[in-house]
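Enquirer: All chains, full assembly: derive it from the sequences and hints.
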Amino acid sequence: MNTENNIKTLIVKKPLKLDCGKTINEFPIAYETYGSLNKNKDNAILVFHALTGDQFVTGQNPITKKDGWWSYAVGPDKAIDTKKYFVICANVMGGCMGSFGPSHEDPSTGTAFGTNFPVITINDMVNAQYNLLDHFGIDKLFSIAGGSMGGMQVLQFISNFPDKAKTVIPIACTSSHSAQNIAFNELGRQAIAADSNWKGGDYSSEDTIPNKGLAVARMAAHITYLSKKGLQEKFGRKLQEREDLKFGFDADFQIESYLRYQGSVFVDRFDANSYLYITRAMDYFDLAKQYKGNLSDAFRATRAKFFIISFTSDWLYPTQENKDIVIALNSIGADVGFVEIESDKGHDSFLLDVPDFLSALKNFLDKSYTEN
Amino acid sequence: MKNEFQVIAELIEKDKKVLDVGCGDGILMQFLKNNKNTNIRGLEISKSKVQECIAKGLTVIEGNAEKDLKQFPDKSFEYVVLSQTLQAFLNPELVINELLRVGKKAIVTIPNFGYWRVRLHLLIKGTMPITKTLPDEWYNTPNIHMCSIKDFFYFAKSRNIKIFKSLAINNQNVSIINDSNLTIKNFFADLGIFLIEK
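Chain order of the listed sequences is A and B. Quick note: the first sequence, position 23, residue 23 per the working numbering, numbers continuous. Quick note: the second sequence, position 95, residue 1095 per the working numbering, numbers continuous.
Honestly, I wouldn't trust all of these hints.
[To be verified] In the PhoX-like style, the derived pairs of lysine-lysine whose C-alpha atoms are separated by at most 20 Å in a straight line are:
id, chain 1, residue 1, chain 2, residue 2
1, B, Lys1047, A, Lys323
2, A, Lys140, A, Lys367
3, B, Lys1056, A, Lys84
[Unchecked claim] Computed footprint of chain A on chain B; a stretch qualifies when at least three of its residues, placed anywhere within it, have a C-beta under 8 Å from a C-beta of chain A:
id, region
4, 1059 to 1065
5, 1070 to 1076
[Claimed, not checked] Just the calculated beta-carbon pair ranges, DEER-fashion:
id, chain 1, residue 1, chain 2, residue 2, range
6, A, Asn40, B, Met1001, 33 to 39 Å
7, B, Gln1172, A, Lys234, 51 to 57 Å
8, B, Ser1048, A, Lys292, 38 to 44 Å
9, B, Trp1116, A, Ala301, 54 to 60 Å
10, B, His1145, A, Gly236, 43 to 49 Å
11, B, Lys1132, A, Ser359, 29 to 35 Å
12, A, Lys39, B, Lys1132, 51 to 57 Å
13, B, Ser1048, A, Tyr261, 35 to 41 Å
14, B, His1145, A, Lys66, 53 to 59 Å
15, B, Met1001, A, Asp77, 28 to 34 Å
16, B, Lys1075, A, Leu352, 41 to 47 Å
17, A, Gly236, B, Leu1123, 54 to 60 Å
For the record, the hints were derived by calculation from the structure and aren't laboratory data. Glycine included, each C-beta is placed from N, C-alpha and C at the ideal position.
Expert: This is the structure we're talking about:
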C-alpha cells in the first residue's frame, strides 16, 4: 500500500482483461475508507463515484482541500452512517486521483499514456474495483450505492457479482446511456479536442494543458446537472457586480460568471484525458445490450434488495429511465423499492442537501441492516 | 390497526407473496410482514406515504395503480390487496382486471354507498353524503366511482368474477354476506370486503 500524497493504493496483481480486448497487469486502484470494518465483515458499503468524483467521499479532500463530493450523505450519523458502516470508495479506472489512468506513465515510452491508454468501460471499472473485496477480506458487501455514473457502476457490479451485495442502491442513473447524454459528452470531448493545447492528448510533455477546452466541457456539463427552475431561482437575470449591461462579452450576468468559475476551478483538479476516457465509458454503457436486449437478465441471478431513487427535476437521467430499471426488476419478481424525490436541484440533487432523499437513503439502509 | 385490516389479514394465509396496491403508510403491510411472514410489496402514489413505508423498512414502489400495475407479470402474487381505493380510479373495471391478472386472488374493499346513513343523508339533507368512511365534500372528494355492496356483487357476476368470500363490516361487527342477506347487509354495512378470483 502506498500512502504518498494521502492516496492509498492497491496494486492489483491479477491480470484484468478489458472489454477492448487488451489485458492489463499490476495496475493501481486508489481508494479511501471511512468508518471501520466490523468483526463479521458484514457492514461494508462500496460507494461508486460519478464522472468527476474521486475516492474522497466525505470530510476534507486532502488533495483539493474541499469537502468530499458526498459529504451531505456520508459521515457520522449521516444517511450512510460511518459510525455504523465501513465505507469504501475507489477512484475509477481512467480517473486522475491515483487509479490507473491516461496520466500514468506508459512504461514502453516513459511518458504519460495520453490517448494510448486503452478505452475502458463501466464493466472494466467495476471488475477492477472488485479486487478491493479480496483486499479487505469481505465476502459480501452490505450495500453498493452510487449516483449518476456511480449508479451505472452499481448496476454493472450486481450483474457481474450477483452474490456480493445484500442491498443495491442505484441513484439518478440509467441502464443505457441515451442519445442526449452521448451528445452532451461529445460536446465536452470536442471542446477539449478543439483546444490547441490538447495536442491529440499528448500534452503532458508540454508545459501547457488544455485548460480552456476542459473548462468549456465542464461549463456545458454543469448546465445539464441543474434544472431550469433552479437556475432561474438562483441567478435569474441578475448582473455580476455591475449596475447595468456593459455592451461587451465580459460576464455581465451572474450565471455567466458562475459557469466560468466552475470551469476554472475544475481544470485545477481534473485531467482532460481522463474526462475523455470516462465520458466514453459512460457512453458505451448499455447493460441491456450485454444481455441480448433483456435488462431483466442482468439481475436474474441476484437475490439482493434494490432501492432505486430518482429526482423530479433531473432531465439528464430522468425518472422514466430509472423506472425502466424498476420495471425490469419487477418483471422477474425481484425485491425492489422505488421513490422519486421532489427537488428542483436537477441531476445534482443526489449530491446536495435534499432532506427527503437523505432520509429515504438512511431509512432504507438502517432498516435493511437491522433485518440482516 | 383498523378492523378492516384485521379482516383482510385473516383472509391471507402465512408465507404468501402479497402486493398491497395503494398501501398508504404501510400499516397493513407491516402487520402481514410481522405476523404472517408475508413477502409483501406495496404500490403507493403519495411520495410522503412512500417515505413512511421506507422508514418502516417496507419495500414500496412509488406509482399509480392505473399505469404501473402492468409491469408486474401475470399471477406473480398470491394475493393483491386494494383497500378503499377502487372508487377513486378513472377506470375501476380496468384496475380490477389488472388486480386479477397480477394476483391469483384479489382482496378488494369498498366503502358502501348503500349504507343506511349514506342513504339517509341524501334523503333527508338532500346533499352529497358525508360519513366516517366518506369524509370529503363532493367538490374535493377523490371518490369518483362510488358503488354499493350490491353493485359490486352484480358487477362481479356480470364479469364472471368468482367471489370466494364477501364480508360486511359495521363498526366492530363483521358478518358474511350471501345471496340471501345481500339486501340487508347492503343497508347496514358501511364497508364491504371481497375475496375474488378470475
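Enquirer: Would you mind marking each hint as holding or not holding in the structure?
Expert: Going down the list of hints, with the structure as the test:
1. B:Lys1047 - A:Lys323: holds (15 Å)
2. A:Lys140 - A:Lys367: Holds, at about 18 Å.
3. B:Lys1056 - A:Lys84: holds (19 Å)
4. 1059 to 1065: Since 5 is at least three, the answer is holds.
5. 1070 to 1076: holds (count 4)
6. A:Asn40 - B:Met1001: 33 to 39 Å: holds (35 Å)
7. B:Gln1172 - A:Lys234: 51 to 57 Å: holds (56 Å)
8. B:Ser1048 - A:Lys292: 38 to 44 Å: holds (40 Å)
9. B:Trp1116 - A:Ala301: 54 to 60 Å: Cβ of B:Trp1116 to Cβ of A:Ala301: about 57 Å, so the range 54 to 60 Å holds.
10. B:His1145 - A:Gly236: 43 to 49 Å: holds (45 Å)
11. B:Lys1132 - A:Ser359: 29 to 35 Å: holds (32 Å)
12. A:Lys39 - B:Lys1132: 51 to 57 Å: holds (54 Å)
13. B:Ser1048 - A:Tyr261: 35 to 41 Å: holds (37 Å)
14. B:His1145 - A:Lys66: 53 to 59 Å: With a Cβ separation near 56 Å, B:His1145 and A:Lys66 satisfy 53 to 59 Å, so the hint holds.
15. B:Met1001 - A:Asp77: 28 to 34 Å: holds (32 Å)
16. B:Lys1075 - A:Leu352: 41 to 47 Å: At 43 Å between Cβs, range holds.
17. A:Gly236 - B:Leu1123: 54 to 60 Å: The hinted range 54 to 60 Å holds for A:Gly236 and B:Leu1123, with Cβ atoms some 58 Å apart.
Hint check: no violations occur; every hint is consistent with the structure.
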